[in-house]
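Protein chains in written order, with this note's numbering: chain E, 1 to 294; chain R, 1001 to 1278.
Hints are computed from structural coordinates only; laboratory data are not their basis.
Quick reminder that beta carbons are idealized off the backbone N, C-alpha and C, glycines included.
Hints are not guaranteed to be accurate.
[What the hints assert, rightly or not] Derived, one-sided and incomplete: chain R residues facing chain E with beta-carbon distance under 10 Å:
#1 LEU1013
#2 VAL1099
#3 VAL1197
#4 ILE1251
#5 ARG1253
#6 SER1255
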Amino acid sequence: MPASPVAPQSVSAAAIELQGLVKDFAIGLRGVKLRAVDHLTLRIEPGQVFGLLGPNGSGKSTTIKLLLGLLAPTAGRGTIFGVPSERADARRTVGYLPEAPYFYGHLTGFELVRFYARLSGLGGRALDEGARAAIDRVEMTGAADRLVRNYSKGMLQRIGLAQAIVHQPQLLILDEPTAGVDPAGAAMIARLVLELKAEGKTVLITSHLLAQMEEVCDGVAILDRGRLIYQGRMADLPGRGNRQAMVLDALPPGELEELRAWLAARGRALHSVETPRAQLERVYLERVGKQEQS
Amino acid sequence: MRALPFSAGQAVLIAGNTLREAVRQKIIGLFLGLALALVIGARWFRDFNFGAPELKFLADCGLGAMTFFGSALAITATAQLFFGEIENRTVLTLLARPVRRSEFVVGKYWGLLVLLGAFCALLTAVLATVLWWREGELMRDFPAAFATGRVVNYAGVAVAGFLGWLKLSVLAGFTLLVASFAQTQLFAVVSGFFILVIGHLQYLAQEAYGRSEAWLARLGGGGLGLLFPNFNLFALADAFVGADLPAWSQIARLSLYGFGYLGTTCALAIFSFRHREI
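Produce the complete structure using the sequences and hints provided.
So this is what it looks like as C-alpha cells:
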C-alpha cells in the first residue's frame, strides 16, 4: 500500500472529542423540536476500536453526521484529531462508510474507489495502486470492473469499505457496517477492523450485533434517546459474579456423580452440565470457505 | 497565509463525475437523439415552411430543437443530477471527504454547463453542416438567387449556438437554485418549467406594468424583470440567414447579462445549500 497522504493535525489530541453536543430537529409545520443528541460528551483515544451502541433512533447516526460536518450542531462542538469537525480539512484523515450505503451506479467499482481517492488527495501512481490495494483488501478484485448498479447489498458494503480505506485514513467511521452482509462478509469486516487496529488506526463503529462488537471493540458507549448512558472499556465489563465455565472431556455418568460429590464436599455446586455444540457461524464459514477454495 | 476556502480541483472532480453520470444516462441520449433527428430531418419538413425561405426554415427548426430539447435537458438533468445525490444519499460519502459544500454546488454546476455546452456545440455543428450542404445544393439549382455568394452567416450560427447555451445555462442555474432547497425532485422540475415560461413571457408583464401610471405596478414590473431573466433577448442571433451579425458590443452586453445571472444563481444556491440538513 502507498504511504498515507495525510497525517493527523495533532498526534497528542484525541481522535474524536465531542463536548456537550446537542442536535435538535424541527418537526412539522409548527417546528416542534425533537432532540436527537442530548449534551453528548465523549472522548475516543487514537488507536482504539470504539463501539457506539444503542437502539434505533438513539442518535448514533446523527452523532456521526454531526462529527462529519454533515449536520450543524444546535450546541456543543466536536473535533477530529484536534481540528474542529465542521472544517473540511478535518475530514482529510477520515474514512466513512454510511449506513445502507448507495454509491454511483454509473461507475465501476474501480472507478468509484479511484474517484473517492482523488477527492481525498491521492494522485499519480499512488492513485491507481491505492485503489487496487483497497479493492483487493475487501476481496472485490473479481468485481472491480462491473458497474456498481449491478452489485448486491453485500458487495456495496465491501466497495463502500474500499472507498473508506483507500486513502489510508487515521480514523475510520463505520455506520452499521455488517447490516445486510452475509456471515462471510461480516467476518471479513471484523478481520479488517482488527487489521486496521493493528496498524494503529482509530475505528468508530456502530452496530446492533453486540457479539460482533464484543469481538472487535476496545471501548463502547451506549446511547439512548440521544443521551450517553454508559461508557467504558470492554475489559472492564463486569463478570457474572464469581462463576466460572469449564469445557472438559465427556465424563461417564458415574464420574460425573463423583465430581458433583467432590464439589459438594467443598461447599461448591455444579450448576449445569451441557454438551457444547459447534457454533452455526463457524460451520457456515468453514463450509463456505471450502466451497470457494474448490 | 490562509488557504482559499474553495478548491477548484475538488469542484472539477465533481464536475467530471457529474458529466460522466449524465453521459451514461439513457434519457439524456434520448433528448440529444431527438434534437439531432429534428435538425437533420428538417430538410424533409420543408413543405410545411409556410412560405418562409428554406434556409431560414432549416435554421429556425434547428434552433427551435436546441431550445426545446435543451430546455427539457437543462431542467431535468439539473434536478436529477443534483437532487439524485441527496435522494440516493451519495452526497453523504462525498461531503464526508474534504469537500466543501460550495465545491459540491459549483462542481455540479460546472458539470451541467459542460453537458449543455456539448449539447449546443454538437447541435450547432450539425445545423451548420445541414445548412452548408443544402445551401450548396440550392446554389447549384438556383445560381441567380445566390449571385452574391452564400447567404447564411455562419459566424451568426456559432453566435446563436453560444447564446443558446447561455440561455440554457441560466435556466439550469435557476433550477439548481430551486433544487438546493427543494424537498422533492418533482418540485425542482416543475419550478424549472415555470421559470422557463416566466422567462419567455415576462417581457409582456414588464411592458404592461411599464405603461401603468401606478408606481407600485411599475415597481412590480421592474422587479419582475430583475428577478427573472428575459429569455427572448437570447434570440438575438436567430436572424443569421441573409442578415448581418448583430454588433459584437450587443453580444458582449447580452453575455454579461447571462453570466450575471449564472453567477448570482450559483451564489444563492451555495448559500441555500450551506444551510441544508442532509
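Hints and how they fare:
Hint status for R/LEU1013 relative to chain E: holds, with the closest Cβ pair at about 6 Å, below 10 Å. Satisfaction of the interface hint for R/VAL1099 is found here, the shortest Cβ-Cβ separation to chain E being roughly 6 Å, below the 10 Å cut-off. A least Cβ separation of about 29 Å between R/VAL1197 and chain E goes past the 10 Å threshold, and the interface hint is therefore violated. At about 37 Å, the closest approach between the beta carbon of R/ILE1251 and any beta carbon in chain E exceeds 10 Å, and the interface hint on this residue is violated.
Given hint, R/ARG1253 at the interface with chain E, is violated; its Cβ is 38 Å from that chain's nearest Cβ, farther than 10 Å. Nearest Cβ of chain E to the Cβ of R/SER1255: about 33 Å, over the 10 Å cut. The hint is violated.
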